[in-house]
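Chemist: In case you want the letters, here they are:
Number of protein chains: 2
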Amino acid sequence: MSFKHVALLGLGLIASSISLALKRNGSEIKITGFSRSKETRHRANKIGFCEVFESIKDCVSGADLIILCVPVGAMADTMSVAAPYLSKGAIVTDVGSVKAHIIREINPRIPKGVSFVPAHPIAGTENSGPEAGFASLFDGRWCILTPTSETSIYATLKVKDFWQSLGATVQEMDADHHDLVLSVTSHAPHLIAFTMVGVADEFAQVTKSEVINYSAAGFRDFTRLAASDPIMWRDIFVNNKDAALEILGRFTEELFRLQSAIRRKDGEFLQKYFERTRELRRNIIEAGQDTSEPNFGRKS
Amino acid sequence: MSFKHVALLGLGLIASSISLALKRNGSEIKITGFSRSKETRHRANKIGFCEVFESIKDCVSGADLIILCVPVGAMADTMSVAAPYLSKGAIVTDVGSVKAHIIREINPRIPKGVSFVPAHPIAGTENSGPEAGFASLFDGRWCILTPTSETSIYATLKVKDFWQSLGATVQEMDADHHDLVLSVTSHAPHLIAFTMVGVADEFAQVTKSEVINYSAAGFRDFTRLAASDPIMWRDIFVNNKDAALEILGRFTEELFRLQSAIRRKDGEFLQKYFERTRELRRNIIEAGQDTSEPNFGRKS
Numbered sequence: 000m001s002f003k004h005v006a007l008l009g010l011g012l013i014a015s016s017i018s019l020a021l022k023r024n025g026s027e028i029k030i031t032g033f034s035r036s037k038e039t040r041h042r043a044n045k046i047g048f049c050e051v052f053e054s055i056k057d058c059v060s061g062a063d064l065i066i067l068c069v070p071v072g073a074m075a076d077t078m079s080v081a082a083p084y085l086s087k088g089a090i091v092t093d094v095g096s097v098k099a100h101i102i103r104e105i106n107p108r109i110p111k112g113v114s115f116v117p118a119h120p121i122a123g124t125e126n127s128g129p130e131a132g133f134a135s136l137f138d139g140r141w142c143i144l145t146p147t148s149e150t151s152i153y154a155t156l157k158v159k160d161f162w163q164s165l166g167a168t169v170q171e172m173d174a175d176h177h178d179l180v181l182s183v184t185s186h187a188p189h190l191i192a193f194t195m196v197g198v199a200d201e202f203a204q205v206t207k208s209e210v211i212n213y214s215a216a217g218f219r220d221f222t223r224l225a226a227s228d229p230i231m232w233r234d235i236f237v238n239n240k241d242a243a244l245e246i247l248g249r250f251t252e253e254l255f256r257l258q259s260a261i262r263r264k265d266g267e268f269l270q271k272y273f274e275r276t277r278e279l280r281r282n283i284i285e286a287g288q289d290t291s292e293p294n295f296g297r298k299s
Numbered sequence: 000m001s002f003k004h005v006a007l008l009g010l011g012l013i014a015s016s017i018s019l020a021l022k023r024n025g026s027e028i029k030i031t032g033f034s035r036s037k038e039t040r041h042r043a044n045k046i047g048f049c050e051v052f053e054s055i056k057d058c059v060s061g062a063d064l065i066i067l068c069v070p071v072g073a074m075a076d077t078m079s080v081a082a083p084y085l086s087k088g089a090i091v092t093d094v095g096s097v098k099a100h101i102i103r104e105i106n107p108r109i110p111k112g113v114s115f116v117p118a119h120p121i122a123g124t125e126n127s128g129p130e131a132g133f134a135s136l137f138d139g140r141w142c143i144l145t146p147t148s149e150t151s152i153y154a155t156l157k158v159k160d161f162w163q164s165l166g167a168t169v170q171e172m173d174a175d176h177h178d179l180v181l182s183v184t185s186h187a188p189h190l191i192a193f194t195m196v197g198v199a200d201e202f203a204q205v206t207k208s209e210v211i212n213y214s215a216a217g218f219r220d221f222t223r224l225a226a227s228d229p230i231m232w233r234d235i236f237v238n239n240k241d242a243a244l245e246i247l248g249r250f251t252e253e254l255f256r257l258q259s260a261i262r263r264k265d266g267e268f269l270q271k272y273f274e275r276t277r278e279l280r281r282n283i284i285e286a287g288q289d290t291s292e293p294n295f296g297r298k299s
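Chains as they are written, first to last, in numbering that gives the first Met the number 0: chain A, 0 to 299; chain B, 0 to 299.
Careful, some of the hints might be misleading.
As a list, the in silico PhoX-like pairs of lysine-lysine whose alpha-carbon atoms are at most 25 angstroms apart [to be verified]:
| # | chain 1 | residue 1 | chain 2 | residue 2 |
| --- | --- | --- | --- | --- |
| 1 | A | 240 | B | 271 |
| 2 | B | 3 | B | 45 |
| 3 | B | 111 | B | 3 |
| 4 | A | 271 | B | 37 |
| 5 | B | 264 | A | 240 |
| 6 | B | 298 | A | 22 |
| 7 | A | 207 | B | 240 |
| 8 | B | 240 | A | 271 |
Computed far set for chain A versus chain B, every beta-carbon distance over 12 angstroms [to be verified]:
| # | residue |
| --- | --- |
| 9 | 26 |
| 10 | 29 |
| 11 | 46 |
Keep in mind the hints are simulated off the structure, nothing from the lab. Each residue gets a CB set at the ideal place from its N, CA and C atoms; glycine is no exception.
With the sequences and hints as input, model every part of the structure.
Modeler: Printed below as a string of structure tokens:
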């Protein structure tokens, strides 16, 4: 590990997991942290996964790696406040789920002599806050870097090393393509889960207790995604609007195709469709991206 | 347990789980089984969870409880073949996920002196076939009975006892209401999962390997439901058409409301919506209907 001092701006699930993964490695690296919420700083201090500071200035002073771990909508302001205090040669990176927007916002705020490497670790749980972190969060997961033509190759390599040391496999990708891929594998599934849970919650002919009691028939799977951090997701949809709307439009077309097959009682079409989707889960399990245990191996 | 001989028509996940749960109880009950597929009969024989017969006639002869465990679309034919061989006083029940349709199909096929109690255990996994069963499948799960005004109260009580002995909690409900509740908690979530997986599978700008590699960002949750038995689900949608289309229509309206909020960048609306859906998961966990472990406690 070639970094000596990592500064975490934002102290939620990802920041605390980064810190715990670094400590798991037995690394002697200095880890400082900041959150604009006094309560979050207090909670992070109690867990003790990093040295918590009351100001961005004190947090980033002397750091050679600064990681923006705040919601996408707060990144630009956080960067503006940090900029004057960054050391020459420092590298800034982020963990945001949308990349083109972040590059547009962050690049102009990076001071001379400092590099920015846009990054997105594909890892997380439905829980949020500093208590939600754990050291193995990134093990076997992907981390996507989206360097632009202006990004320092040296800084990109150092950030790549960093993520590999936390257990992740690193892949480089164009930022716009990243935003489209993630709208398919993350943003659209989340929005659809939020929608389904919202519908169930207010479907007047069915009571809330019925929805809860009979949720094991499938619905409960959606509630995990729909329990994810509301502010994080608000910022993702607002700032990856075009890609999200494109895939949601495609989703609606496909839903209408299936609804029409149900209306026509076209069993053959439905069966063939469901055989194809079953196949994709097998591919995901074979690629080590999900458990093969039934029901995700859940205990309840 | 007041039944002496249970006949299982169909030898998939539910039938094998019923048998294993009965044996777990140390019950001396006779369990016979039949599947129209020779291969499935062979596999069930190898596992040895029941005495497998080559014909429905031999399977049901002398049974005092006959459980229809075939896909919804095969129930009527199975019942027609079994009817002449049922003993006087026998009780027929089923495990189908749609109830109004099954009642319409099965009731006229029940011989004099035999009772039919429509039932639906809310339990299962994405796996199917005789190997997929396990003894604890029904523990802490609900089983819904939908007796009609013609249904024998005595037979209903006996089927209730039976499901309780397998670990389930039994609830009675009107068949049409059952079909609406399940369209919210099971049928619509499955169709939406099938749709999302179908979209991801053929979204031309995103490769299949990208969909697989980055599925841990949310998408993989949908693939579990979309890996469920294609024939079972074909029959459910075709035979619970009206309720399924009603809730899917409601889903589309709601999706459009959220899409419109994204288009207008209405962050406040989105955040409030996501806070509400987060709450519902807490309720489900408190009701013991899902695990509180992050990521469903999955190991990968």
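Chemist: Quick one: which hint numbers does this structure break? Sort them smallest to largest.
Modeler: Checked against the structure, no hint fails, so every one of them is satisfied.
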